[in-house]
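Peer 1: Listed here are the chains, written in short residue letters.
Number of protein chains: 2
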Amino acid sequence: MTIHTALDELSEVLGDRLSRSESDLALHGRSEAHFPETLPDGVLYPDSTEQVATAVRICATHGCPITGWGVGTSLEGHALATKGGVVMDFSRMDKVVEINAEDMDVRVQPGVTRSRLNEELRATGLFFSVDPGADATIGGMAATRASGTTAVRYGTMRDNVRALEVVMADGRVIRTGSRARKSSAGYDLTGLFVGSEGTLGLITELTLRLWGQPEAVSAGVCAFPDIGSAVDCVIETIQLGIPLARIEFIDAECVRAFKMSSGTDMEEKPHLMVEFHGSETAVAEEAARFGEVVAEHRGGPFHWSAKPEERTKLWKMRHEAAYSMRALKPGAVMMATDICVPISRLAEAVEETTADIAASPIPGPILGHVGDGNFHATLLIEPGNAAEMKAAKDLAARMADRALRMGGTVTGEHGIGLGKLDYMEAEHGDGWSVMGDIKRALDPGGLLNPGKLIRSN
Amino acid sequence: MTIHTALDELSEVLGDRLSRSESDLALHGRSEAHFPETLPDGVLYPDSTEQVATAVRICATHGCPITGWGVGTSLEGHALATKGGVVMDFSRMDKVVEINAEDMDVRVQPGVTRSRLNEELRATGLFFSVDPGADATIGGMAATRASGTTAVRYGTMRDNVRALEVVMADGRVIRTGSRARKSSAGYDLTGLFVGSEGTLGLITELTLRLWGQPEAVSAGVCAFPDIGSAVDCVIETIQLGIPLARIEFIDAECVRAFKMSSGTDMEEKPHLMVEFHGSETAVAEEAARFGEVVAEHRGGPFHWSAKPEERTKLWKMRHEAAYSMRALKPGAVMMATDICVPISRLAEAVEETTADIAASPIPGPILGHVGDGNFHATLLIEPGNAAEMKAAKDLAARMADRALRMGGTVTGEHGIGLGKLDYMEAEHGDGWSVMGDIKRALDPGGLLNPGKLIRSN
Chain A
1 MTIHTALDEL SEVLGDRLSR SESDLALHGR SEAHFPETLP DGVLYPDSTE
51 QVATAVRICA THGCPITGWG VGTSLEGHAL ATKGGVVMDF SRMDKVVEIN
101 AEDMDVRVQP GVTRSRLNEE LRATGLFFSV DPGADATIGG MAATRASGTT
151 AVRYGTMRDN VRALEVVMAD GRVIRTGSRA RKSSAGYDLT GLFVGSEGTL
201 GLITELTLRL WGQPEAVSAG VCAFPDIGSA VDCVIETIQL GIPLARIEFI
251 DAECVRAFKM SSGTDMEEKP HLMVEFHGSE TAVAEEAARF GEVVAEHRGG
301 PFHWSAKPEE RTKLWKMRHE AAYSMRALKP GAVMMATDIC VPISRLAEAV
351 EETTADIAAS PIPGPILGHV GDGNFHATLL IEPGNAAEMK AAKDLAARMA
401 DRALRMGGTV TGEHGIGLGK LDYMEAEHGD GWSVMGDIKR ALDPGGLLNP
451 GKLIRSN
Chain B
1 MTIHTALDEL SEVLGDRLSR SESDLALHGR SEAHFPETLP DGVLYPDSTE
51 QVATAVRICA THGCPITGWG VGTSLEGHAL ATKGGVVMDF SRMDKVVEIN
101 AEDMDVRVQP GVTRSRLNEE LRATGLFFSV DPGADATIGG MAATRASGTT
151 AVRYGTMRDN VRALEVVMAD GRVIRTGSRA RKSSAGYDLT GLFVGSEGTL
201 GLITELTLRL WGQPEAVSAG VCAFPDIGSA VDCVIETIQL GIPLARIEFI
251 DAECVRAFKM SSGTDMEEKP HLMVEFHGSE TAVAEEAARF GEVVAEHRGG
301 PFHWSAKPEE RTKLWKMRHE AAYSMRALKP GAVMMATDIC VPISRLAEAV
351 EETTADIAAS PIPGPILGHV GDGNFHATLL IEPGNAAEMK AAKDLAARMA
401 DRALRMGGTV TGEHGIGLGK LDYMEAEHGD GWSVMGDIKR ALDPGGLLNP
451 GKLIRSN
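Quick note, the sequences are listed as chains A and B, same order. Take 1 as the starting number for the first sequence in the UniProt record's numbering and just add one per residue. Take 1 as the starting number for the second sequence in the UniProt record's numbering and just add one per residue.
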């Protein structure tokens, strides 16, 4: 019962679906964040659910760990095979299986990326709303309960996955949920697997909720004299019921990064980027009302536009933020942080974090999905510099403490993986032990993504 | 280790919180639906989470079943103590603990009813959106994953519970979720307990999402020549992205019940009742656009109004529908059905069901939350008439089969309880066994609401 006998049997049964080449192992041994390289023993490229189930059964027999892999863009080391074994790379399972325009849903394989899915949907007038910064796979996004800039209006992966096909640790293939828009039929297994980071089962198919492309869109950006004014403007906009499709905060440091990478002429001040979706009258009315709220909070002027090209430029800059930030410190490794607090505490949380970073030796531009109370400081660390790494870890730990003290969560959308494991007990108390009970019930051998989310035995 | 030693100890420790009076047992032995009376052995009225935890520990020691109770309005016999033991009645835990207007959330005890919660919220300009027909308790609504007329816009209990306090089967008290609007921190335990029907733990506190009262509301009603036209009108409205706050279907038989109970002057034809929430311009524009879609589908005329009194009358009639229907057959017992299908199959599902009921010996008016694809035929059965009971059970079984054949679910919002247990295997296959694995992990003694949702051993 070893990983190597598992690999031999996988190779025998699945042939060249298993790779043990050094380049494949290296490609699947690193992440986009600061975690050290960890090579798996093999990489599997299944073509079908059956192959996944076969592989899982073989691995279960031999006690070989299995870690799922989309395109490797997760930020907390989720897809690193820290206990060795097999990485299951879903890149060959990337089909859009069935589009149901009338029901506004789509069935996809886990390996399709969000941008390719939206390309395939374009002609239908529908779109899939969840948009993390990276062009992640839908399977990976479900596994980490990802969200992005549109969650304030359209929700996170929790709200946009209707049904799943999952291969369990013993090789059983189950279906959760249905194509109905709601159900009270038993435990919400779909919700349980979304965000379970591959520790309870491997997602092999997803049915997603789609949204109609809005008739009209207005978008704009405006500066504020300080963080507090910007955040207060967000709170008031939400309370007035102005329906925001997106509302993003970027701090002055972040603007500096944008200027360096894309040459924008924005002032080096805190900004809000916003978008409204609806009828032509509605988006004009909403932009105008928002402009008034901005002015009341000493921001602005708020320039908005309904022109697609200006909008695309704005959001492209926002989505590429993580990459732009590296311009602030070329060659740096990145530690993403991701706290989410009740909106009423957001200004305080951002201000405390800003002061804490200013007093540290490293840069950490801040941006956030402020409509949800979620923000990121991207800590930039010189590779190999232990003092900077320690400073970053300390800053991140203080952010986590801050989030919990304010009634929030240590991760709004990135997930736990390796990076946030140390905060689980503080956030959940005995709830974490209940998660452990569930893990042991569904994966008694502890082979699915061991060491992530739940501490392995 | 018997129920009676448990009751003795409960009485010793919790004093008059435990009742064994005949009237109390009788009050907690019946439901609003067709299930036979089942008396519990005792009724507990806890004042606090600690008392719940103490009681659960005592029950665990003695092997005594525990079944939660809100106000007993569930429709599938969820709260009946079919294995005897203790019913935990949450009526003394009915406080609104804390309103956070700025964060648009509220912390409540499980025994508060939805209408009383909204009364307490009135001055804040916020409201809690989920509105099942009955004035259920929030704890009961969470346990059954309830929804109602506004789910099409504001979601179900799944979408409106942010955090929970839960007493586990071993007496541990855990907290799930947080006041943050989203989180990726581990398994979604909140989502797991919502809809778990008291089989995994007892909910002792809830943090709910609130919504701003809309600046303006428009509402109206219109007739259609047939079911298909009404449903097609719904589908087109959704696809056009006209933001509906409510869209309810009622069939001609249902209108007849309304006429008998409230003297409305509606025609005996299928109708849609709709409501729009937003700015004054928006709700007027949306009502006008909806009127055009209605006309295209041979419905109407669509009369709408922004007057609160007309609106209140409309929705009062709708919410009291279950009671009105009894006027069609005085003294009848009621079997609620509750299927939910993809919208594209909705007309077909309603039409097949209508024909099936017409060919049966019993009446079954149909109404539904058609924006979600969810509808109910309320089957009216003469008490003690075995042939009618059999006809109703057969009709309900065929509805369930129809829902599954069309890719839907056997229950959109009522839950499984006793009434839908026989369909769990057909709906979930091996997924049901995974639910059983979770149940056994979290309630190894099988004492929490035994026999519901999961078949007890």
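Heads up, some of the hints might be wrong.
Since the list gives no way to pick out one identical chain from another, each pair is judged satisfied if it fits inside one copy or across any two copies.
[Said to hold, decoys possible] Capping the alpha-carbon separation at 25 Å, the derived lysine to any residue pairs in SDA-like fashion look like this:
#, residue 1, residue 2
1, Lys-307, Pro-243
2, Lys-307, Ser-19
3, Lys-316, Thr-82
4, Lys-307, Gly-63
5, Lys-307, Ile-3
6, Lys-307, Gln-239
7, Lys-259, Arg-402
8, Lys-83, Gly-384
9, Lys-390, Thr-124
10, Lys-95, Ser-344
11, Lys-269, Arg-455
12, Lys-259, Thr-38
13, Lys-259, Thr-82
14, Lys-269, Asn-100
15, Lys-393, Arg-256
16, Lys-390, Arg-30
Simulated from the structure, these hints should not be mistaken for lab results.
Peer 1: Look at each hint and say if it fits the structure.
Peer 2: Here is how each hint holds up against the structure:
1. Lys-307 <-> Pro-243: Classified as both; 19 Å inside a copy, 23 Å across copies.
2. Lys-307 <-> Ser-19: Classified as neither; 48 Å inside a copy, 68 Å across copies.
3. Lys-316 <-> Thr-82: So Lys-316 and Thr-82 fail the 25 Å test inside a copy (34 Å) and across (59 Å) alike.
4. Lys-307 <-> Gly-63: Neither. Shortest intra-copy (56 Å) and inter-copy (67 Å) distances fail the 25 Å Cα cut-off.
5. Lys-307 <-> Ile-3: neither (56 Å within a copy, 71 Å between copies)
6. Lys-307 <-> Gln-239: Result: close only across copies, 23 Å inter versus 28 Å intra.
7. Lys-259 <-> Arg-402: Neither. Shortest intra-copy (30 Å) and inter-copy (59 Å) distances fail the 25 Å Cα cut-off.
8. Lys-83 <-> Gly-384: within (24 Å within a copy, 64 Å between copies)
9. Lys-390 <-> Thr-124: Neither. Shortest intra-copy (50 Å) and inter-copy (46 Å) distances fail the 25 Å Cα cut-off.
10. Lys-95 <-> Ser-344: between (42 Å within a copy, 23 Å between copies)
11. Lys-269 <-> Arg-455: Cα proximity of Lys-269 and Arg-455: none, with 42 Å in one copy and 60 Å across.
12. Lys-259 <-> Thr-38: neither (35 Å within a copy, 71 Å between copies)
13. Lys-259 <-> Thr-82: neither (38 Å within a copy, 68 Å between copies)
14. Lys-269 <-> Asn-100: neither (45 Å within a copy, 30 Å between copies)
15. Lys-393 <-> Arg-256: Close inside one copy (24 Å), not across copies (68 Å); limit 25 Å.
16. Lys-390 <-> Arg-30: Answer is within; shortest intra-copy Cα gap is 21 Å, inter-copy 62 Å.
In summary, the numbered hints that this structure violates are 2, 3, 4, 5, 7, 9, 11, 12, 13, 14.
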